[in-house]
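The residues making up each chain are set out below.
Number of protein chains: 2
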Amino acid sequence: MKPIQVGLLGIGTVGSGVFNVLARNQEEIQRRAGRGIAITMVADLDVERAKNAVGEGVDVVSDARAVIANPNIDIVIELIGGYGIAKQLVMEAIAAGKHVVTANKALLAVHGSEIFAAASAKGVMVAFEAAVAGGIPIIKALREGLTANRIQWLAGIINGTTNFILSEMRDKGLDFDAALKDAQRLGYAEADPTFDIEGVDAAHKVTIMSAIAFGIPVQFDKAYIEGITKLAAQDIKYAEQLGYRIKLLGVSKRVDKGIELRVHPSLVPAKRLIANVEGAMNAVVVHGDAVGTTLYYGKGAGSEPTASAVIADLVDITRLHTADPHHRVPHLAFQPGTLQDAMGDLPVLPMDEVVTSYYLRLRVADQAGVLARVTGLLAQHGISVDAMLQREAEDVGGEGSTQTDLIILTHDAREGTVNAVLAELQALPTVLAPIVRIRKEELN
Amino acid sequence: MKPIQVGLLGIGTVGSGVFNVLARNQEEIQRRAGRGIAITMVADLDVERAKNAVGEGVDVVSDARAVIANPNIDIVIELIGGYGIAKQLVMEAIAAGKHVVTANKALLAVHGSEIFAAASAKGVMVAFEAAVAGGIPIIKALREGLTANRIQWLAGIINGTTNFILSEMRDKGLDFDAALKDAQRLGYAEADPTFDIEGVDAAHKVTIMSAIAFGIPVQFDKAYIEGITKLAAQDIKYAEQLGYRIKLLGVSKRVDKGIELRVHPSLVPAKRLIANVEGAMNAVVVHGDAVGTTLYYGKGAGSEPTASAVIADLVDITRLHTADPHHRVPHLAFQPGTLQDAMGDLPVLPMDEVVTSYYLRLRVADQAGVLARVTGLLAQHGISVDAMLQREAEDVGGEGSTQTDLIILTHDAREGTVNAVLAELQALPTVLAPIVRIRKEELN
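Protein chains in written order, with full-length UniProt numbering: chain A, 1 to 444; chain B, 1 to 444.
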């Protein structure tokens, strides 16, 4: 049988990886897939660079629509990125009856519902293992490996740039700005790192995982997003003294009222495996009612790790493209038409409704009664204290100017309640600086 | 559509878990699978216990063959275990055109080739996610998630009993016998723990993973197997001082000459995630040429974690049972007929041919020249030393009786060469006790 023919839209870092790995391991991949898989056409605006990347024998064009229009092409790989032309091309490829493989998390997190509906109507597959956590087969694990489970929560380090920065901050005692510069110098952060450091990239990914885990539509607009730009080296150090590491986590939980969907820095107990995921590595923890806690770890980005995921999708499609749609795995793990109603049954909760625990750092005047006032206010709002750390007082000069850091770990509390009490605490004359608040997840 | 009907052979701990999880999560599982999945018939020699486990509405029989003979049953779950009657029943179920789900690693590691050949000939699936590492979807990861890769090696903590014992030995400074008693008292080890502590269970599992990773037949008889019964608390302590933990690993590597397939205690750098897998938990590290190093972690045994894997297989079969065989994933990841020749192309290497590094502990007389003699002999055989630790000499009483422990970490060396040099070292009059040799894996 002749190889299944694949068209590639956009041949940058990941696209070259896909081409190279497919070429290098073609014999082994064919023995697995039962059929050869060949990239026969590539579209890229930089035709010369594309030709250099793929060599002779591959049709290189500048117009992506020429790939979609080619009747010999069975599968289109979209590696352009973004919501603009990428969305148009994916929709056109589906309309043309092509199966699609994409690494575009932004596109799926925002427009996934429309794209998957079009694909289902047309009877084609849209595969996206590469969209979350690079080479780690986490989409497959969630969608197929854990089907027995009522999944209760998942939490992931799903952005390598921020994990690299946090590792640098901890290892070298750096503040955020210095660590970011290191990351940029070493190629772990882009010149404009906004999407990474503000948590947007992680939010795209956790949105996709959340949909698959809980059987809800993708709802990026409902995600709470907080990045790492305000983290201080000091808090990483205090957390360490309390037995915790600080990681940027994408978290999604099923609770009685609905689904929590959030990205923010979190304290994680240092003894958890995920707390020990360092540098640009990724890991996702998934907790199911039957299986308990499982963890998946690997490279979350890079040319060949991402290519590994793209090609796994190609193999799946090669196996199933002539099968009936009901033989295939549903795009969002649950059969279309059985997703939970996002408004009624299983809404994504506003951040005020989230229940978690907290790390608080208060810069307070070292006076009699301050501690009692702070803990009294917490108690008054029903927030109980799990652990406390008070630093030795420092004299910062001036009259009545002895100050100290008061670090409090709370038990579980509603975010809305915590916001209210933080406003009251902040208004106390003895609280001398903006209160630092970092959420804490036990993940056990 | 009416539910797909499943017959269960053997309803002990895992069988009850499968029944309970299927019942509890039936709505969610059906939304994923696109069809209900119901256990409608159970065979167990203890009919009363089985009836208690499943309640009304399920046909309970003592004769497993009655399940196989039932034309309404589409899938048979074999949870009897062992090579005897379990093998007969699996072969009969296949012959009767039933799909089979099994957690029986011993059966597959030894008779897998015969079973998969029969299943392929009959056009049925034999699924076995539960056979390796319990609830961790490692078979799916290896067989589908990493299809792009030329897999280079894998290493796993795949026996919870021995990992629990090793964790106890380390945490409490216990020797093996004491830790085993603890494990038995706490239910982590069976009354007859031989299969676990001698490494046989881990060897079954690594044999299956090796076949899937490298595209070779299952060859349990070629596996090198060494258990943990000879480990001393002392070596765990010395390893710790050198920055290592000792774990029972199942290891399989692709090298130039063939495949390494082995189970034995191993030093692993303490900073690796897998070195921090404690208690009865399991983890598998897989290294592919494209994806790099990935890790999969979770509960390796127990009623519901194992049930999670069994039910994931049921869902896969429910999806694919009416599909053409080429739409299904091959049993051993590679298409039948494309497995590597076990004798020629890719043989499992004898242990003497394995290349790894070593921890050696020598009890030596504290005399001038001993160290030079030992290191000289190693050098003479081309074995280079990576690190060394010499303890303070102890006076054990008697003339010339000062002794010391000499701990050596070697660089990579051929096992056969190491055996030869160990024989020479052991024969030295200044070497006062049997030399301890533990292999070491870097796993990076």
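There may be inaccurate statements among the hints.
If chains are identical, the list can't say which one is meant, so a pair holds when it fits in one copy or spans any two.
20 Å max Cα-Cα, derived EDC-like pairs, lysine to aspartate or glutamate [claimed, not checked]: (1) 257 with 59; (2) 257 with 28; (3) 2 with 221; (4) 257 with 27; (5) 51 with 240; (6) 122 with 412; (7) 271 with 171; (8) 271 with 240; (9) 237 with 177; (10) 237 with 442.
Since the hints were derived computationally from the structure, they do not count as laboratory data.
**Message:** My question is about residue 237 and residue 177: at a cut-off of 20 Å on alpha-carbon distance, are they close within one copy, between copies, both, or neither?
**Reply:** This pair counts as within: shortest intra-copy Cα distance 17 Å, inter-copy 41 Å.
**Prompt:** Is it within, between, both, or neither for residue 2 and residue 221, if the alpha carbons may be no more than 20 Å apart?
**Reply:** Close neither inside one copy (44 Å) nor across copies (38 Å); limit 20 Å.
**Identical-chain pair category, residue 257 with residue 28, by Cα at 20 Å** = between (48 Å within a copy, 18 Å between copies)
**Request:** Indicate which option fits the pair residue 257, residue 59 if close means a Cα-Cα distance not exceeding 20 Å: within, between, both or neither.
**Result:** This pair counts as neither: shortest intra-copy Cα distance 53 Å, inter-copy 39 Å.
**Item:** Within, between, both or neither: residue 122, residue 412 at alpha-carbon 20 Å
**Value:** neither (46 Å within a copy, 56 Å between copies)
**Request:** Please work out whether the CA atoms of residue 237 and residue 442 approach to 20 Å or closer within one copy, between two copies, in both situations, or in neither?
**Result:** Within one copy, since 18 Å is at most 20 Å while 30 Å is not.
**Asked** How would you classify residue 257 and residue 27 at a CA-CA limit of 20 Å: within, between, both, or neither?
**Response** between (51 Å within a copy, 19 Å between copies)
**Request:** Tell me, please, which holds for residue 271 and residue 171 at an alpha-carbon limit of 20 Å: within, between, both or neither?
**Result:** This pair counts as both: shortest intra-copy Cα distance 17 Å, inter-copy 14 Å.
**Prompt:** Under a CA distance limit of 20 Å, which applies to residue 271 and residue 240: within one copy, between copies, both, or neither?
**Reply:** both (11 Å within a copy, 17 Å between copies)
**Item:** Alpha-carbon proximity between residue 51 and residue 240, which holds within one copy, between copies, both or neither at 20 Å
**Value:** Classified as neither; 51 Å inside a copy, 53 Å across copies.
Against the hints set out earlier in the document, violations occur for numbers 1, 3, 5 and 6.
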